[in-house]
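Use the sequences and the hints to build the structure in full.
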Amino acid sequence: MHFDTPLACRSGAQLDAYDLMYETYGTLNAAKTNAVLVCHALNASHHVAGYYAADPKNVGWWDNMIGPGKPLDTDRFFVIGVNNPGGCFGSTGPASINPKTGKAYGSSFPVITVEDWVVAQARLADRLGITRFAAVMGGSLGAMQALQWAIAYPERIANAVVVAAAPKLSAQNIAFNEVARQAITTDPDFHGGDYYAYNVLPRRGLRLARMIGHITYLSDDAMMEKFGRSLRSGTINFHFDVDFEVESYLRYQGDKFSEYFDANTYLLITRALDYFDPAGACDDDLARALAPAKARFLVASFTSDWRFAPERSREIVKALLDNRADVCYAEIDAPHGHDAFLLDDARYHALVRAYFENVARDCAIAGVADR
Amino acid sequence: MNTSLPVPAIAGRADLEAIAAWVAPGASVLDLGCGEGLLLNYLKQSREVRGYGIEISDANVLACVKNSVNVIQSDLEAGLAGFDAGSFDYVILSQTLQAMRHTEEIIMEMLRVGRQGIVSFPNFGYWPQRVQIMRGRMPLSDILPYLWYNTPNVHLCTLADFEDFCATHGVRILERIVMQGERRIRFAPNLRGSVAVYRFERI
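Going down the list, the protein sequences come from chains A and B. Start counting the first sequence at 1; every next residue gets the next number (the working numbering). Start counting the second sequence at 1001; every next residue gets the next number (the working numbering).
If you're looking for bench data, these hints aren't it; they were derived computationally from the structure. Glycine included, each C-beta is placed from N, C-alpha and C at the ideal position. One or more hints might be untrue.
Claimed, not checked - Some, not all, of what chain A presents toward chain B, calculated at C-beta under 10 Å:
no., residue
1, Arg-296
2, Leu-321
3, Ile-332
To be verified - Okay, the calculated bits of chain B under chain A, using three or more residues with CB under 8 Å as the criterion:
no., stretch
4, 1053-1063
5, 1082-1093
And the structure:
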């Protein structure tokens, strides 16, 4: 969908016009009360569930959660997945052609923030005629967008489903992002971000960035369980090529990722993570930052997540509690680390399912009241 | 009050009905070990109370979500560090005190976070239990249904014990209700009562 109204970014820069790639599932009811926005995290897209007839292997990134009869049931809800501006899955991003110059935006693409994304998402909702979402849902960086929705558009969101979240990054989180960015920007093929003109891609950097990221998504236990110290060829070879299975896995993940993801988008998204800090504008008082929120909240964290540990979610819960907001908080005992939010876990899915049962009931009531 | 008058129960939990009657309409309540959110749901609907429950069990957290009750999954034994002093009107601990390891700490925490505390617990001094002990056996009853080797109860007490505790810990008892089943007991409560409910504050 094309937007002609400029997007004024938090940085002061602006995106004059842009396209947003989105997908929808299910049917919007007549009262338009059953819409759920699903926000993506670092490396995902608008393709949240299902697969395309022409490409049955390309399954949506949250397909175990979203679909007919699933915890977020598309038989009842109208689900929207959107690729954020700055992305590389069809929405306007650094690899898109800037109509002013006829060349790829590259390094000239505005440094975009979570706040900017949410404004863009709200405009998409306007176009689709959705004045109020039954829920906005996301994990990790997606959860930050759900929080921002609750703060920026309190009247337009009935529920916020905030999974594996943090109210802002820690110094360690930023440090990991910085290493990832350095890997990209020091790749000789990066060319200051304008590599498109040279017909090259900073693949080595992006590959490294992905490898680092991947380590932070998994718990030590999960990695040990999955790979242990297993050797590729059954023996150590006294060289620096792959000996251990975990090395092979990381290389494979890195290679795969560098084939389809845009390095500039990776830079932008890690920066969006770094800069998100709603409490920052309120003397570091998260409760004050969340004071405008009127939504009900479901907050869920995972015990083995060390990237956004349960303590980080508890900060959010405490702030909501200080505001006497409605909140359910579950700390799910799962071994997989940060990635647990994408995995199939019976307790986790039962919780989300139960929560959406209530959302369905409540938005049906709202639907009657609307008439 | 007429002791033969039955107290209306919340799904058979007469102690919860007593607790609910003490909570002022519109108050803020923190229910420690809230189970499936029975009391909070009742308080929300009958008294417009702003309530939150704390639960450790996955099944109970899920049940609270199903009941549309605010719940925070957390371990009470770790204290209430995430809650500010004086942030609730009432902090309630129903039928959980006897199963807590850190009994002293949790009562002090209740009075730090809440303006008043409310507890209910099985009275170990209830006469059928005394009889069983006199016969040389651990008590087994409706209110203490566990065998000695698999009981969650680690800190059982009598009414007299609890009142001593309050006297020595700077806790002022504001109100007490003692029950046997759904009947209120006024005469010889430490002998005849099976469940006690107390409302208290800091001196």
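A quick look at each hint next to the structure:
With a cut of 10 Å, the hint placing Arg-296(A) at the interface with chain B holds, because the nearest CB-to-CB distance is about 9 Å. Interface hint at Leu-321(A): satisfied, since its Cβ lies 7 Å from the closest Cβ of chain B, which is below the 10 Å cut-off. Restraint check, Ile-332(A) versus chain B: the minimum CB separation of about 8 Å is within 10 Å; hint holds. Under a criterion of three residues with beta carbons nearer than 8 Å to beta carbons of chain A, the stated coverage of the stretch 1053-1063 of chain B is upheld, 3 such residues being counted.
Three residues within the 8 Å Cβ limit are the bar, and the stretch 1082-1093 of chain B against chain A gives 4, so the coverage statement holds.
The structure shown violates none of the earlier numbered hints.
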